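Sequence lines, in order, name chains S and X. Going by our numbering, the first sequence opens with residue 1, and the numbers climb by one from there. Going by our numbering, the second sequence opens with residue 287, and the numbers climb by one from there.
In short, the hints are calculated from the structure, not lab data. Quick caveat: nothing in here was measured; it's all calculated off a predicted structure. Ideal placement from N, C-alpha and C gives every residue a C-beta, glycine not left out. Hints are all accurate, no fakes.
Partner residues aside, some chain X positions facing chain S, computed with beta carbon under 8 Å: (1) K295; (2) F296; (3) K356; (4) V363.
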Amino acid sequence: MKTIQIKGVSKVYGHTKALDKVDITIESNRIYGLLGRNGAGKTTLLNLMTNRIFPTEGEILIDGETVFENDRVLGNIFYMTEKNLYPEDERVRNIYKWIKEFYPSFDVEYAKDLSERFGLDTKKKVKSLSTGYASIFKAVAALASNADIVLFDEPVLGLDANHRDMFYKELISNYSESPKTIIISTHLIEEVASVIEEAIIIKEGKLILKQSVEELLSGAYLVSGEASKVDKYIQGRKCIGIDAIGSFKSATVLEAVNNKDEALAEELELEFGKAELQKLFISLTN
Amino acid sequence: MNNIYKVFKFQIHDFWKAVLIFYFIIILITSALTVTVSVNAEKISFGGLEMATVIFLFIAGLNCFKSNFKFMLANNVSRKGFYIGNLIALVTVSAFMALADAILNVILDNVLVSNVPYESVVMQLYGNDSFFAGFLWCFALNTLAVCFGWFVTMLYYRCSSIMKIVVSFLPVLALTLFLYIDEISGGLAGRAVVDFLNKSMGFAYNNNVYIGALSIIIGSVVIALICFLPLRNAIAKD
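Isolated chain S, as found in the complex:
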């Protein structure tokens, strides 16, 4: 059990309140998506959870113990940051060896195997890696860390579609083999929608939602068909997104479907579909 408790955490930078009295309890062995617009406070929260920065007020506990300057607790967390914190002149394979020193469960062989599958040359120095390969290197290190809690901040930054797909598949495979608490902070919401179990949404430093993705999506649906009929259907309903191509239109409606809705849709020859997490996110954060 590695439960993370974020209690009344605020972080102020000069005149900017990056986080404002955030309270979250993160249960163990689940995959969370930490979502929010630019500057919402996602990275600040992850940095606070790993003692990289210090809260202005509040505390963060893991199994009841503070993370503040606590080597024992911090040793259970691996944080893949967007920034490179690794020595630029060191070779990737040497860094794997050094990570093993600090994370005894780090699987060097798995890291090498993953690197090979991603086409990452471990003989290269960190400074010579492209943006995409730098992300791959850090993501591989995080996946191979075998830490109880793994935090990813923009893990697919600069990765092409193939590598992104490989990463998500490997993440699920890794999680299935060895369950752990995973928190992914990303802007590519639709891509992670199928990976994450629970969404944590932050807006302007405040927690606005923490809910399972399944529950969240069950509270909305997509209705599509001929544009004029869709327009007729959505009248008086809370519509959070509309896409139109020619005479075809699809709209995301923020409410659960009832029998009356189904009957009306049938009458108008409209089809129901699953709402997109991204649409809900845009609606919630606008």
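For chain S, the structure is supplied; the task is to place chain X on it using the hints.
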């Protein structure tokens, strides 16, 4: 405790190549000087190679923070763990280099160039050729240099651009102020400093090298303790 050892190990790994290159260069220079001085033994002498070690360690101290601190943050090592592990590594390297210098002094003084006038820094300052005294004094000075370099680099790391300029000008301002005070006090301030140095370095007590070493060690401990202040709330910066 575990992390302290790992930080120590990483820091030593970071140092050893530079130390090897340094001694390779020192041996080359020493060999060249030995030949030169042997030819002109009556005209010139040489000594005090330990001061090169002090300069090397000061620069090493200046360069041993940013990259290593970021790497330790990447591995979730606490600042306290990083501080203690790093400090132990700095003291160890200082001791190793003081020992290497003391051995080099013995070789230069007695084995290789017995016909060439060579004098270590301790011999020149205190007239003491004891191996242990030389080692202790150099170890103290090495530690002071490396800790001071470490402190300066951390201070700059924490400062904003404006504060960096202010910090850079502080020594000049302090010196100017001191010279002014010395002038208006009729040389009293200058004499007080010289008196303090004479006593603290052991010159006033029959050139007692151990008093000098002890004073430098106290200075090193003070700087080492102060080093934790800029590190305490440091965060990863580009």
